[in-house]
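Participant: Heads up: the sequence lines are chains A and B, in that order. By this note's numbering, the letter at position 164 of the first sequence is numbered 164, and the numbering carries on one by one without gaps. Here this note's numbering = 1-based position in the second sequence + 485.
Because the hints were derived from the structure by calculation, they are not lab data. Some hints here could point you the wrong way.
As the list claims (entries may be wrong) - Partner residues aside, some chain B positions facing chain A, computed with beta carbon under 8 angstroms: (1) 524; (2) 527; (3) 611; (4) 614; (5) 615; (6) 635; (7) 636.
What the hints assert, rightly or not - Simulated pairs of lysine to aspartate or glutamate, EDC-like, Cα-Cα distance not exceeding 20 angstroms: (8) B/694 - A/267; (9) B/653 - B/632; (10) B/653 - B/628; (11) A/376 - A/332; (12) A/450 - A/460; (13) B/653 - A/267.
Note that CB positions come from ideal geometry on N, CA and C, so glycine has one too.
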Amino acid sequence: MPVAGRDIIEKFTPLFAPRTVAVIGASTKGAALPNVFIRRIREFGFAGAIYPIHPSAAEIDGLPAYRSLADTPQPVDYAYIAVSAAQIPDMLAAAAGHVRFAQVISSGFGEVDEGKDLQERLAAAARAGGMRLLGPNCLGIYTPRGKITFTEIGPREVGTVGVVSQSGGLGTDIIRRGMNRGVKFSGLVTVGNCADVGPGEMLEFYFADPQTQVIGLYIETAQDGRRLFEILRAAQAQKPVVMLKGGRTRQGLAAAASHTGSLAGDDRAWIALSRQTGCVLVDTLDEFIDALLTFQTLAPRQQQATQRVVLFGNGGGASVLATDYFARLGLEVTPFGKPTLDALAALKLPPGTSITNPVDCPVSTLQQDDGRVAEKILAEIYANGKPEALVMHLNMAAFAGRTRPEVLDNVVQAALRVQTHFPGQAHFVLVLRSDGEPQLEARKREFRAKAIALGIPVYDEMANAGHALAALQAHERFVISRSMA
Amino acid sequence: MKNGAQLIAAARTQGRTALDELAGKQLLASFGVGVPKSVAVSDAAGAAQAAATLQPPLVVKVMSPDLLHKSDAGGVKLYLQNAAEVERAIAAMAATPQIRAARVDGYLIEEMAAAGQEMVVGAVRDPQFGPLVMVGLGGIFVEVLADVTFRICPITRLDAQEMLADLKGAAILRGARGRQAVSQDAIVDVLLKIGGEDGLLMRHAGDLKEADINPLIVSGSGAIAVDARFILA
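Just chain B, same shape as in the assembly (with noise of 0.2 angstroms):
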């Protein structure tokens, strides 16, 4: 596997101004974070063969510098439940038009992680302050809301625990209305392995300008990175 300097190495060799998600996950993956098993295939014709090595249901995304909302151009399926399924998805979204017209690096197929509590987790770097690292609800409360909270990286786990606290949505964290609570540790570890001492964004701080993982799924247990997005500086 490559580490994160080789990984943005090589996306600047190819004159990239971000990460593809394949690479983003790798780079997460690099530092402890959990991403979902995933196989990246160039096109249809070996994508039943490639899915057959993942754990159904399946979700398949496709990789393009061009489509910053894959989904909204349709290159996103959820739910599949064998090969031949991601077989059809892929050929289905190469012959939508949007991806047609975009560049196409391929198609990502991941085991799609169990429902849970969406979290984003976020970084930009300050011209004066160096790395900040952001963490919100997901869903309306970071998009509609704005209940998001930021720190200067480094920071300790005292701090990742108060960027919790400080959310207004905090009550749901912890079981509001009958929901499960899910495990703050897991969340508090992430932020750490992102923005604490010897973290990502500390280790990459002259690389990268911002960062999204979007979302970031929560159960009682552990946490998922579902999508990430790297923009190199």
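This is chain A alone, in the form it adopts within the complex (with noise of 0.2 angstroms):
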């Protein structure tokens, strides 16, 4: 690793593996937001020094507290900052040389008309007290490594999709909806008005850091805007990046604007920015999820960007229409030629299926020999139709009082093993449709975490696996196009 990269890594592990954290806002009652995180990181297992600081308590929460961050017995690794936004500044200045990061969470600073100038000077004296600011008017920081979360629900386990979001409602959407869907996180921080530490800066922490193998980023306004284009420009994409950018058009920049204050791109410079430097600009928070679960999930493919699609599962029009989707997303789902059909036919399967490209196969096809038929018809397509993605889906709703439970693991443990046969050959995702239903839910929920931890990424609909196959066909055209320059 480059020393720069070695330095960004040594300059962010206090931030990202805390030794020591100070709380400042937790009441004696317990009941505000640090206590609430105080409480959090316990549960969570973080292990080191929790010192919260209060002017007259003896002790919070069972530990003991401090007057001030400068009075702590060891400096502080890490300091979670949520009390009243024009007492900080003071604080920070009297705790000069004591802290390595402080988190602002409060709001009332850069992102209101009156609280321009306390921002400068919260920047001014983290500067001087040789702290690095995170925020103000963000949420916090969950790093899994470090066992530090702000939110109740998050992944333990420590993942390798490292995230900055400048909104801090966002990020925990992130996390627990990524959670659900199975992306594990080398971290998450949120930024809020970036003060000091910007998405920039973050953006050389996770392409640095071994940990992260894909990076999410969450931008409202880029006041670092030509950094970010020269840090993104550098990597080529060595990692894939997802980015959604809030405040894209007129109306969103308004929102944008008032949200955390300063001004916003311009979507023609975005759009320009994911061209040329292979980061890939998705347009939903779901997009977002499901494009840091692929890259998760799946390796890039490094010869040819991915196009040619086959629909495998139950439910015609829905892969009619998937079909269509697909094809306006630039991915190619097309009738099988002579050999793959005719290897196809061989197999005379029950009448009702359809051979060609979409694969249309009724349960009453896919539970034969208890689901394990659709081990044969993959074997076929990969050997003849010879894919770059296979999208399996299936419609729970039809599965449900018809066949025994094992069918629908049989069917995807059949698909596995074709992979394992032509390695490298296609990517392989799931679509598991449901109606809603509770008990269904229930059933999709725990298939899904079944598929994830087989390694295979799961979308709730037919659009969103196309849109994530989208996003991962971005992404190899660029680095394969780079590659060949």
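Bring the two chains, given one by one in their own frames, into a single complex with the hints.
Facilitator: Given below as structure tokens:
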């Protein structure tokens, strides 16, 4: 690793794996947000020292309290600060040289006109005191390697997806929804108003961090847009980067300006950024999470970008609609040639089965041999049709009450066996379609977890799988085109 | 010939917010972008002698900071075949009401570029990202369909090639429907001279707010900037 990479990892280690945490703003009644933070990091398994800071209390939540940030027995790696804005600059100034990272949760700074001066003073105090500042106006950090979290729920395992979010609330959504879809994080930092640490520097950290393999960015305003461009351009998408950019339309811009309080960029510049750096621009939170899951799970193709897709599953109408949708995304679902059709016809599948692409297999077909029939079908498809991606879609409602529970398992296992016989040929993804009935949802949740454990990304609908594959295609295309140049 | 910094400094000294067409083309030429051979004259009197050094057909254009749309003001005359026609064209222009009312720096006499595919190459300075370079097909493609694409400077050759491929009208460049294919390399070269690592926009990033080369006329073998406008920051 280059020296710059080692430097930045060393610089941010106290943030991602702090040994000492100070909490400012906890009350003796134990009800304030900082009290909740103390409870959460203890539950999450944080084993280092926690120093509550309080002007008068002897202890907070059973921990000895200290009068000020400067009074703690050990220097503070990470300070979580949630008290009224006006007192924070002086508080940091008084703790000069004693704190490495200060995360200011409080609002009332640069996001409102009357707080701009205060934010300047806050940043100046942090600078003068030799500490790095996160926020203000953010929610915190979630770092499973350091066992620190600002959210109630989040995966305990250390994953490979590193995220930086300019919105705290959206950061929470990313962790919670991401967890339920199988995303595992190397960290998530909310940077709020970015008075000091901004998306650019976090990006540099994640590029250098060996634990991080995929990077996600939620950006509303980029004060350091040029730097962001230069970092991303230098990295040449060596790790996939997914970007969700808020404020790309004029209407969105108005909302963004009132949210984090600075001028926003221009849509055309962000599209240009994406084309020149290979970062994948997505439009919605769900696309963002699906794309992160995709890059976490699947290795990008290195010779030829994903384009030819085979749809396989139960649901004729759904696969026709998906064929159209995929085509609009630049993915081809084209009928098989004669050799593949002949090979599939030779399997003599029951009537009602459509063996062109999309391959429509009603439940009556899929339940043959308790689902193992899928192996024969897919083996022919892989051998003759040479798809670059296989989307298996299962409409769970059609299986319920008609088949034995293991049929679904067997269908997926059959596909996995075929995958191992054709290593690296095709991305294999799963769409689990449900009608929202609570029983079916429970079954889907359980099945999704199983599939994810097997390394298969799961999506809720065909369109979601399409967007995920399109994101993969965009990344693959960029990397391949740049490696040839 | 003056270099870019001198051209920009001269315009600022004169209190201008934009380079005049002659200075704009000199700026382009100093970065190696092809421009028509031209001579500037202050009025009809010197026109005939000046025009004699150029190869007809010729074009005459009024140069005035007051006339943004010079052809609408009657300030452009095409297909002039000899010095006498040039002289008469300038005299007629000088007499039109709009031009009489405007501050006139002079008249530009140019060799007319051969017909070809009209392109637009432009630039804007983005507050966050710095200079952006733009390309599109000319005429209705840019004006009605807004079929243009941007990149952040500096761009690479591959970026420039991808810009052309991004255009909805890309097939026209390759010679769709019996048209002659144009030199995409020539457009790419211009994009690099404008937006590349050592290009015009990177070199003069702080001085330029916007720029338009409209049209850039592209043939099967080359490209020539027929009109150029640089707005100073």
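Participant: Confirm or reject each hint.
Facilitator: Right, here's what the structure says about each hint:
Here the hint on residue 524 of chain B is broken, as its CB sits about 38 angstroms from the closest CB of chain A, past 8 angstroms. Taking 8 angstroms as the C-beta cut-off, the interface hint given for residue 527 of chain B is violated, the closest approach to chain A being about 41 angstroms. Interface restraint check for residue 611 of chain B: the shortest CB-CB distance to chain A comes to about 5 angstroms, inside 8 angstroms, so the restraint holds. With a cut of 8 angstroms, the hint placing residue 614 of chain B at the interface with chain A holds, because the nearest CB-to-CB distance is about 5 angstroms.
Interface hint at residue 615 of chain B: satisfied, since its Cβ lies 5 angstroms from the closest Cβ of chain A, which is below the 8 angstroms cut-off. At about 5 angstroms, the closest approach between the beta carbon of residue 635 of chain B and any beta carbon in chain A falls short of 8 angstroms, and the interface hint on this residue holds. Satisfaction of the interface hint for residue 636 of chain B is found here, the shortest Cβ-Cβ separation to chain A being roughly 5 angstroms, below the 8 angstroms cut-off. Our distance criterion of 20 angstroms between C-alpha atoms is met by residue 694 of chain B and residue 267 of chain A, whose separation comes to about 18 angstroms.
Among the hinted pairs, residue 653 of chain B with residue 632 of chain B is consistent with the structure: their alpha-carbon atoms are about 6 angstroms apart, no more than 20 angstroms. Of the supplied pair hints, the one linking residue 653 of chain B and residue 628 of chain B holds, its CA atoms being roughly 14 angstroms apart against a limit of 20 angstroms. For the hint linking residue 376 of chain A to residue 332 of chain A, the alpha-carbon distance of about 23 angstroms lies beyond 20 angstroms, and the restraint is violated. Proposed proximity of residue 450 of chain A and residue 460 of chain A is supported: the alpha carbons are some 15 angstroms apart, at most 20 angstroms.
Taking the CA atoms of residue 653 of chain B and residue 267 of chain A, the gap is near 18 angstroms; set against the 20 angstroms cutoff, the hint holds.
Checked against the numbered hints given earlier, the structure breaks hints 1, 2, 11 and satisfies all the rest.
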